[in-house]
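Quick one: dock chain against chain with the hints and give me the complex.
The listed protein sequences derive, respectively, from chains F and G.
According to the working numbering, the first sequence is numbered sequentially starting from 1.
According to the working numbering, the second sequence is numbered sequentially starting from 1001.
In short, the hints are calculated from the structure, not lab data.
Be careful, since some hints might not be right.
Said to hold, decoys possible - DEER-style ranges, computed between Cβ atoms: (1) G/1243 x F/210: 55 to 65 Å; (2) F/210 x G/1096: 34 to 44 Å; (3) F/27 x G/1081: 19 to 29 Å; (4) F/214 x G/1329: 22 to 32 Å; (5) G/1329 x F/215: 29 to 39 Å; (6) F/215 x G/1295: 17 to 27 Å.
Claimed, not checked - Result set (SDA-like, lysine to any residue): computed pairs, CA atoms no more than 20 Å apart in a straight line: (7) F/4 x G/1142; (8) G/1347 x F/1; (9) F/552 x F/506.
The structure displayed is predicted, hence computed values, not measured ones.
Ideal Cβ positions, reconstructed from N, Cα and C, are used throughout, including at glycine.
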Amino acid sequence: MIRKFVLLSFTLGSSLMFLIQLLSLQIFNSDYNELSLNNAVEKRPIYPTRGLIYDRNGVLLVANQPVYDLMVIPENTISFDTLELISFLEIDKEELENRLGKAKRFSSKRPSVISRQVSKEKQALFQEKIWKYTGFYFQKKTIRDYNLPLASNILGYTSEINPSELKNKTDYDLGEMIGRQGIEKTYESELRGKKGFRFFQKDRFNRIIGPYEEGSFDTKAEAAKNLNLTIDAQLQAYGAELMQNKRGGIVAIEPATGEVLALVTAPSYDPNVLLGSDRSKNFRKLVKDTIAKPLFDRGLQAEYAPGSPFKTLNALIALQENVITPKTLFSCNQGHYYARGAFMKCHCPIGTSNNLLRGIYNSCNSYFAKTYVNILENDSTTAAGLDRWRDYLKRFGLGDYLGYDLPIGKKGFIPNSSYYDRWYRKGSWGPTTVISNAIGQGEVLTTPIQMANFTAAIANRGYFIKPHFTLPKNDTLKDSLFPKNETFIEARHFETVIEGMHQVVEMGTARIAKIPGIEVCGKTGTAENFIRLDGAKTQLTDHSIFIAFAPKENPKIALAVFVENGYWGGRWAAPIASLMIEKYLKGEVKRSWLENRMVNGSLMDEYMKPLSGKPFEINE
Amino acid sequence: MNNNVFFRLDWMSILIYLALVGFGLINIYSTTFDDSTLSLWNPAGIAGKQFWIFTACLFTLPFILLIKSNFFEHLSYVFYGLSLLSLIGLFFFGQTISGATSWYKIGGFGLQPAEFAKITTALVIAAYLSEIQTDIRKTSHLFRALLLVLVPVVLIVLQPDAGSALVFFGLFFVLIREGVDLRWLYFGLGLIAIFIVTLLFSPLTVSGVIALILFVIFNVLKKSKNKLKLFLILVGASIFFSFSVDFIFNSVFEQRHRDRFNIILGLETDTKGIGYNINQSKIAIGSGGFSGKGFLNGTQTKGDFVPEQQTDYIFSTIGEEWGFLGSSFLIILFTLLIFRIVSRSEKQNSSYKRIFSYAFASMLFMHFFVNIGMTLGLVPTVGIPLPFISYGGSSLMAFSLMLFIYLNFDSQRLST
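Chain G extracted, bound-state conformation (with noise of 0.2 Å):
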């Protein structure tokens, strides 16, 4: 094998990158175009802005790549908390932008540190997950990992910033990947199905459909006389959520937040309120049809109709100019390179390394899985970027960072 970085780098996740990029940058361009847009290479507007943030993210490649991978093991803790200090001091020193304090203001730019925090908090799991006397089935070991995980998360959730709280969830993959208790995954998928069960139908349902499974299953196994128990004490604490989901949601729960399940479960519409932007999105992407408006012709993203379309709501724009083609080419586009890293990192001699990766794999895949199920009227509405392809330069800087760290553990994946 050469000794050469450059031979030993996984290009085709380069090349899905900027692919990826790119495409994001002839959206933004489009999204934010209208006769006195500058051109794509002045740092004066938005889609220049992205294009030389982009640039500098290039040149921090090989220094990146130059870095030998010990240095980031060893200094997870030390990120991590300095990233938690910057989480802190944004309640001293944050700007207030539309209600959440999330950014520091330097210069004209503006930094978001809770993107920087995903990375810092993948690679302080990967330190903790790969010492060796780690063991994550332990509970004592498992309820630590998440401490990790949990305390970035109630920083940012307190800026509030509910969305960007909900991506380090996706750490959840690396802990089933890593050996917590399978059980606890069905568990967590029950109870997800009983809530949007409860909330479509009623608790009263839930407790019917129920009740016959158990009788099902009572017929079944008239053996298993323990199994039975379980399974009462299954059916039992599920007729409990139903209806503790129907309270909280009906009694807690603010109209804002029913809302946003209400429309996406199809119970409600709303095309004035807070079904405005999913409305206005879904006729965007539907607009585009099989090949699209065309660039620059997208008449719903000329009209400024979806709100936050260079950011959260840029699928639309890809959806109504490029239509079917180009937004199935771009979801084939992310799952390839999700794909291409979960497959790398498996083959990583370093668990350090593949947890990392691993991470990387994970949190990507929830922006995407919000990003566009948002976009698209399947998940409620949670403001997130698309990763590479929305406008905001901590965002591209901290995913491109996490890209380039991947590719130098990937590099070095035969050392130890």
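In isolation and in its complexed conformation, chain F is listed as follows (with noise of 0.2 Å):
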């Protein structure tokens, strides 16, 4: 009879059903489980402090500081003292009122921030009237605490994630800091460590009711690494000093290791003034300065004409490929002329016969004019000679980026063959077309960085060491991480330049660079340049070049200066540099009276002449 059944066909019908759902859920089904850790289960990271920057010598550079946030909790909110309120946040009421409104939106039971970095003085003052404030809190907070007010430029900055940054970078969470420029960036995770967690109960409320499992769920986090950076903040200090009121960079380079002591950009800006409730104003009153550009690194990103300094580059190709020797004699008559009806301006008296030696120090272009000619004919065509011109440049680490550990830079560029076939017709042009690059005119650009880095390879006497900004845990590992990179030209090359250099601080153009007691050389430039003023090339105050490195024999620093619109080579940039080489070598500057000179010179007047609007003299 079926109707004995019905009853309990449909329990037995029911259980099965029931039966198979509980097997999709608890066994087949592993979507569940997580769910339910996400829901009732928080979990809470643990920040470990930021890393701390010292630099070569063990100087505090960047430290950690607590700042408070101001946070509320709109359900949680009763009515409290406005005036009182805005007053300590310095903001008006619409402000307030826009804040608290953002925040109730967000979520009216979880927290969102009113004021963000609140100064842990101001914090102290308002601390004692918070529980006036029922439903606002602070949170604590770490930023970054700089100990001088220097290389912002090499330290770069940390700002807050911003949301559409966590696309990507899964392991952050909203609000953490992360580097932003320079070393922060270069070494994020060193300096950031690994951040653990803590897993906590919750209500459906979303409110905390005990550790989870005791905790057994928790993970530690890992420390962050400090760092040592290879500047040296005195001669970091001293170079900025060097340069105010000036634009440009100086670079300076420990040739033996690579190290770079110091990497001054002008202007620049002090790193603290990214700190704080005013950074978002401050920093984007940085950013909209394009004309003195303080964001900016004129040490690392600007790319120059290198000027005269470049002859010595030539002078050990020519010799290396033997289209020169150290006795060879070019004339010169205030210049000469290299092709029909083009003329070369050069200042040595006419009737000059320079041999090498006298070339560098007397920076003869005619001299190296015909010197680049004879190394781009030396192969069997024009153009297969300028490709081995440009290997030799390449080996020097030149037109392409050096691979140092800050996250920006330029290539530079030295131009190859195919680059003259694009813009001349191929086999259409010759030595005497490309005649610029000869002086470190033309068409070749290089970057601070890289000239105080094949300056650095002079004083090395053939190789250089890529230059780095941080210094290696331990020193077995200085040899393996860097090598030597060759330039194959060989050391009495280098030496008969080298003698050049210092003949030209000790008899040469650069004479104000000579420092009692220390044999410097050097090789100075002063190198046109034009900007595009209404529509029109517009030709500015040359700029003023120095490459230096000393002592002669056994160097300890190679560095290059760079000073836009400083009119000469001799006045400015190698004052500069023989003070930084004094300053560093000896630890105390004696010529006080060239230190005040370049202190306190100012060439703003000079970067006023194009904005100003009205005609205006160069070079005076």
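Below is the structure:
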């Protein structure tokens, strides 16, 4: 009889249905398991304190300091003294209401920020009144603390990660600090450490009701690493002082190790302005200054024509190629005709005959123009000669990124034959077409750090070590991390050129750079430069350039100094370089007259000229 | 056969009963557990309250077993009448808790007359159907039987407590067992099928499918013209029903009603509103895995994510803390109990006793089906407790009483 089994079959059917559903929920579906974990368990990160940054001598540059975010949980607020709060926050009533409304729209149960990075001092004042503001509280946070107002271009800065970045950087939480530029960016993972987690049991109103499973899932935070920069804080500060009211850069490298001793860019900014509640206002100000460009690192990013210091490289290449010898003589009559109707000016008196040494210390344009022609003609075609010349330069680290450990840089430019084939018709250009390269004008472009680097290669008599900004944790790593980059030019040729560079300081164009008791080698440069002003190519006062290293034997420092529109090399760059060398090697500067002239000298009037809208004189 | 009641008792059902209530107490304790929870024995706590009600129920067991079954048979209508009065009385003296006037407040206790109406209605339907003159195949008698069921149903719906009222429809199983035309069963099943299919798809699809079936049957049954006519009528009625379901569902139902069905049928996902309970319950059960998280260790349970967890959603705690093992064990216990009661009642000499026992099993099934089905997200949300397991004094007392009456009847199986 069917009747007897209706209820039983319904019972059996439902039981089977339930068992199947249980199987699918509990055994075959792991999603529900994870959902429960998200739902009922809150994972709270523990952030390790960000790593400290020291200079090469252990001077603390970057530490951490607490600040306080004023938080609100809208649901918990009761009426409060609005006037007092707005005067504390230094905002108007409308702005406060705006922020409170935003917080409420986000969530009435969860905390939102009302004011970011309130300083310790300000927080302490308000802390005693906070009890009157139910629903408000201070949340401690750690931001950077800069002990010295320098090296912002090297250090970079940190800021809160923004929501759009979180998609790619899933390891970060909203509100976490991330390194934005410089060392902070390159060494983000070291400086950040590894965050740990604590797990808490929540109820359905998101309230914590205790640790989850007695903390058995909790993980410890891994402490961040501290960093030692290769920078010498004292030298860095001195460089910044010398460069004040000028534009340009100083890059100083220890030739034997490639360690960057100072990287000065001017103008720059005090890293402390990018902290605290005014951070975004100040940052906007820095970004908007498109004339002085304080965020632009001239030491790393500015591509200038290298000017006469480039002659040292052409001399080395010519010697290695054996197209000249130290004794080779070239004549100069206030310059020479390098092609029909094309005259290259020089400051040598009429009737001069220079050998290489004199060519270098007098910085004779004709000498190097002729040398350069010889280099290019030392192969089957000019094109092949040019590419050969380029290969030499690449071994000096030119025309490409150097690979140092800061996140910004420029390649500079060393032209190859196909570049000229594109500009001119193929085969229709010859050595004289590209003659400006001989004297570091023309198409070649270098950054100051590239110049400092090739100066270090000269000082090392044949090789350079990749410039870098942090000291390895132990010295045994040094050799493997930083191998020698050979230039494949014989050391004896370097001795020749170095002798020339020594003469530059002793009796040549940079006698002002002479330091009693130290044998300085250098080369001045004066580079023509142009801008586009009201649509017309306008020449500005020449850049003042100087490369140098010292002492001559066993060099301890190699540097490149670039002062924009400083007129000629010996006027600004050479004295500044010389003072830097003296400061670094002797610890103090005796030539206070020179120091005063450099520190107090200003080129601001020069920089205002093209902005004045009036016609102006250059090189005056 | 020994005359002592003790030896004639259905011990297996008692064992299952004790197991269910014990398991229930453990889970009520776990659900309401926090640092301030009192011991299981403290009547000030939720689990303690349930424990003492349970103890009180056990005390009544010997007394109920001693009552002669005639007592119930003769007084069925009286009990039923009193029960109806208590339901009507609610409208004057009842307590309104969360919108439903379903409670009498007596001392610290709330009493829910609808729970006890289940017993009395079972008794009265047993009494009516077992009368010698009653022939359920007669439409007038069928309607009288239905009336006996529908009066308490209407009173309960008016409270309003649709969930409790729904349980009374379990008594249809009794009517079917006692000889109602089986076509009513097929008709009912057909209506449910069309209802679900209409909501899942559309009236047009349903019509199409029915037309297809018609076409096949037309070809198969070319000869029998009478039956063809019947089929045509059925098909027409089905299509009409399908369209009316569509109309009623979309134009007469309120959104909250529609939501309940839509979520179950998977037509809508909603994890914040009405779907919240179901979703949280499924998460809790799913997170239990094979062997569960263990007693007091359910994170969903601890976090109070599932509402009404000690009452209607108690099964989710079981699923989370005892896993597949615990929850399937519970389902098997229920199935065994229902099977036990049905098979024992089939052996009754007295039809009154048989019909009551059968009615008890039917209502047990309704609770089991609706409650666990809802918690597992298979049946629309209807708030009714899981018998013997859920927290609630009236429910525990009413089902214990029904079980005891069944035990009484069963022990007197061989007497008339």
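Problem - Violations among the numbered hints, reported as their numbers in ascending order - result: 3
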